[in-house]
Each structure stands twice: as structure tokens, then as C-alpha cells.
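Engineer: Once you've looked at the hints, dock chains H and D against the given chain R.
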Amino acid sequence: MQIFPFLVVAWIVAVGLYGLVTSRDLIHQIVCLIVVQSSTYVLLLAVGYVTGGIAPYFYDISPHTTAVDPVVQALALTDVVVEAAVTALLLSFAIQAHKRFGTLDPHQLAEFKG
Amino acid sequence: MTPRQRLCLFAVAIAGLVACYLWAFSGLPGFGRYPGPYGNVILKNAITQTNSTGVVSTINFEYRGFDTVGEEFILFASAAGMSVVLRRLRGEHDTSPFDEAANRQLPRTSGPLRIVTLLLAGPLVLLGWWLATHAQANPSGGFQGGVVIATGIMAVYLSGEFLAFRRLRPAAVLDAAEAIGAGGFVLTGIAAVAQDLPFLYNFIPLGTVPGAVSSGGTIALISFCVGIEVAAAFVLIIGELLDQTLLRSTGSSTGGSTGRGTGKAGR
Amino acid sequence: MIPNALMDTLQVTALVLVAAGATVVVLTRDRIRLVLVLSVYGMLLAILFFVFQAPDVTLSELTVGAVALPLILLLAIAKVRKRPEQ
Chain R
1 MQIFPFLVVA
11 WIVAVGLYGL
21 VTSRDLIHQI
31 VCLIVVQSST
41 YVLLLAVGYV
51 TGGIAPYFYD
61 ISPHTTAVDP
71 VVQALALTDV
81 VVEAAVTALL
91 LSFAIQAHKR
101 FGTLDPHQLA
111 EFKG
Chain H
1 MTPRQRLCLF
11 AVAIAGLVAC
21 YLWAFSGLPG
31 FGRYPGPYGN
41 VILKNAITQT
51 NSTGVVSTIN
61 FEYRGFDTVG
71 EEFILFASAA
81 GMSVVLRRLR
91 GEHDTSPFDE
101 AANRQLPRTS
111 GPLRIVTLLL
121 AGPLVLLGWW
131 LATHAQANPS
141 GGFQGGVVIA
151 TGIMAVYLSG
161 EFLAFRRLRP
171 AAVLDAAEAI
181 GAGGFVLTGI
191 AAVAQDLPFL
201 YNFIPLGTVP
211 GAVSSGGTIA
221 LISFCVGIEV
231 AAAFVLIIGE
241 LLDQTLLRST
251 GSSTGGSTGR
261 GTGKAGR
Chain D
1 MIPNALMDTL
11 QVTALVLVAA
21 GATVVVLTRD
31 RIRLVLVLSV
41 YGMLLAILFF
51 VFQAPDVTLS
61 ELTVGAVALP
71 LILLLAIAKV
81 RKRPEQ
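Protein chains in written order, with this note's numbering: chain R, 1 to 114; chain H, 1 to 267; chain D, 1 to 86.
For reference, chain R alone in the conformation it holds in the complex:
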């Protein structure tokens, strides 16, 4: 249990990169990018966890209770929402590639120049 979350993070990165490399479809590649990004959220939260800690909200709990680290949660929070918008931008580029070249296969797209 000491290093198990970090092993899972390494697994998700490896699997996502494998999908990125062996993909024949631009949409599938973008989804693999989403998977690799999600591994960073798991890593952030795993680094900040305190055994026996509660969520850092003290509306009706004494402010001296042990809580997990709130800084990494703040980072992961904005990350999740911004990722969706950047993915939408990537998808619009994929749509433009489809319009221009008629195909979404990265191996065929690599042969077009300019």
C-alpha cells in the first residue's frame, strides 16, 4: 500500500502512451491523450494524502482535525476543467484535417506535406 498508487500511475501512463503510438485514428489518439492526463490527477492526489485525514472543509468540524493536503486538490481542480477545453481545441484541428485531407489516419496524414 505504500507505493501501490504510484504503480497504478506508471501503468496508466504506459498504457496511454502505448495507445497513442499504435493508434490508426486521430480521435482515438486524442482519447489516449486524455487518459495520460488523467494519470497526473491521480498522482497529485496520491502525493497529498494523509492517512486518517478528512477532506479540508471545516464548515461544521473543528478546524484542528487532521486534513489532507488542500494545495494539490486546488491544482487538480482547475486542471480537470481546462483539459476539456483544450481537448475540444484539438478536436477542432482534427476536424480541419479531415476536411482538408479526407482521412483521419495519422500514418497517411504524415505523408502529406504542407
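Treat the hints with caution; some may be incorrect.
[Said to hold, decoys possible] Per label pair, the in silico range of CB-to-CB distance:
id, chain 1, residue 1, chain 2, residue 2, range
1, R, Leu7, H, Ala11, 10 to 20 Å
2, R, Gly102, H, Ile204, 49 to 59 Å
3, D, Val40, H, Ala11, 23 to 33 Å
4, H, Thr208, R, Lys99, 54 to 64 Å
5, H, Leu7, D, Val40, 21 to 31 Å
6, H, Ala212, R, Gly52, 24 to 34 Å
7, H, Leu163, D, Pro3, 49 to 59 Å
8, R, Phe112, H, Thr2, 12 to 22 Å
9, D, Val40, H, Leu118, 18 to 28 Å
By construction, these hints were calculated from the structure, which means they are not laboratory data.
From the three backbone atoms N, C-alpha and C, an ideal C-beta is built for every residue, glycine too.
Structural biologist: Frame of chain R; chains H and D shown alone:
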């Protein structure tokens, strides 16, 4: 390079990457044993300094507010970039669309789906509004609230009332809402500078009861602006993609029971 | 207060489910199926974040990863779908 060679090269590279990862993780103090001073210092002082009990939103909009301005502008730029890229496409393909199978039976949107989404559209917008305005007390905040508001507006599209959804997102209002959200955040910071305080300093009087709606100072205001901006950005993104799917197929079955022959290419 | 052993079991289960979900997402090749599997993966991630005592991130991931992102993907797939030639 054949795919087989590429796969072998990838295997070597990923083995090296995972080895480096595991070597890095072995230097961490283990899961659950958080050593760092930063989190503990903030937990000790956040409630007394800002009178707000939601520590994560306090960090987002107060202690690290400058980072959040940057993240919000990433969102703003992505939505703006999408509209630029996709609007130019629409200008290139202005051919008039034709109906490919005029005698085809259209499947109507199912009854339960229509009822549930139309009933939920209003409460979802209300829930998102509540989330965006209560960042200082509960696990809420501008980012989550904005996405829930956008989901409420999208529920109108899911129910099959496509023309109503089109009327709900006029381009001018969305662009203005996005600008107000992003600009409001920066204006709050500049208002602090105008009073000889550092940028984004919390100059509104903090309330007396920790966790009440009036506590937290600028946190509530910033969270509300962020909520508006995120909602407008997401509705803009969905709207742009939806207009793209309709561009060549206006008059065919997209839009469920109401999308027949509206024939508008471009706004 | 939840005892530490129960919390450990919950966290290990959630982590294993997320790892399995990531594998399934990568191995799915059909586009429409990919959207649904991504939505389920988003929900599994939300459960993991909840068990890691982070309700804010759970709310974000649930609304974004299980609703907004699959909808955006679905619209993009509808745009690039091959049209049946007459």
C-alpha cells in the same frame, strides 16, 4: 519505418520511462505520509485569515489567485481559438445543403428522455448558480458551477428541442458573457492595485461568521465571475461543434423531431 | 470515523478499477464505443477521487469527464463520419 520497428523502439523507450518513474517514486515518503510544510501551514491559518471554511477554493482564488487567472485565460483562449478555426471552415463550404433521403422515417426522441431532461434543465442551472456562489463555505466553486450551468443548457438540446437550444445561445451574448467573466476577475485584481494594494489583494471586508455567504471577501466575487466564464465557454464550444455537424446536413435527421429544413448556413 | 483498514480496501479497489478502465479505453477501437467507455472511465475516476477525500475534484471530474467531454467527442465524431454515398 514499419509498424513493427516502431513498436520495438516504443518498447525500449517505455521501459526506460517506467524505470525512471519507479526510481523517482522510491524517493517519496510513501503513500499517506505527507511531510510537506506548505499544506499544514495553510490549514492552520486559512480560516483565521480569510474567514472562509472552504480551504481549497481559498487557495484557488486567494492564495494562488494569480495561477487561476492564467488557467482561466487558457480556457478563454481555447474557446476563442475553436470559434476562429471552425468559423473559417464554415466560410469555405457555403454550398447549399440538400436532403439526401427525404422520405426517410425520422426517429422521435423518446418520451421519458424528453420529460426528464426538460424537467432537469432549470434545476441544473439553479444548482450551478448555487455552486458558483458558495465557494467560500462548501465543496463548490466557480469551475464546477460553470460546468453544471452549461450542462443544464445542454439538456435542452438532449431533449430534442433543437431550435429552442439554438435560441438559447445567441453569439453576442455568449461572447459578452465570456468577456465579462474573464475581465471581471482581472478587474477585481486591478481594483486592489488602484487602492495601493498588491494585485488581487482581498480588500472587501471579510464577514464575521466563518463560512457564511458574506464571508471571504473577494473570493465569492471571483468565483462568480469564473462560473459565468466557464459556462459561456462550454456552451460556445458545444454550439460551434453542433453548427459544424449541421453544416452539410441541414434538412436531414439531426435534431430529432424538429430539425427539418431550417436551411441556415452560418449565423 | 472510518477505520483505516476499510479505507485502505476501498482505495485499493478504486485504484484497480481505474487501471482496468484505462486499459479498456485504450484497447477500444470503435469510435462510438470509445465515447461510452470514456464516460464510464470518468465515473470511475470520480469514485477514486471521492475515496481520496477530495469532493471538489470529484464534482469537477463528474461533470466534465462523464458529461461534457463525451458530448464534445460525440459531436466531433458525427462531423467526421463517412456519409453514405448515393
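Engineer: Hint by hint, say whether it matches the structure.
Structural biologist: A quick look at each hint next to the structure:
A C-beta distance of roughly 19 Å is found between Leu7(R) and Ala11(H), which places it inside the suggested range of 10 to 20 Å. Between Gly102(R) and Ile204(H) the Cβ separation comes to about 56 Å, which falls inside the hinted range of 49 to 59 Å. In this structure the hint that Val40(D) and Ala11(H) lie 23 to 33 Å apart at CB holds, the actual value being about 29 Å. At roughly 59 Å, the beta carbons of Thr208(H) and Lys99(R) sit within the given window of 54 to 64 Å.
Hint check: Leu7(H) to Val40(D), Cβ distance near 28 Å, so the stated range 21 to 31 Å holds. A hinted range of 24 to 34 Å holds for the C-beta pair Ala212(H) and Gly52(R), which are about 29 Å apart. The hint said 49 to 59 Å for the Cβ distance between Leu163(H) and Pro3(D), and at roughly 56 Å that hint holds. The hinted window of 12 to 22 Å between Phe112(R) and Thr2(H) holds, with their beta carbons roughly 20 Å apart.
Checked against the hint of 18 to 28 Å, the pair Val40(D) and Leu118(H) passes, with Cβ atoms roughly 26 Å apart.
Hint compliance for this structure: every hint is met.
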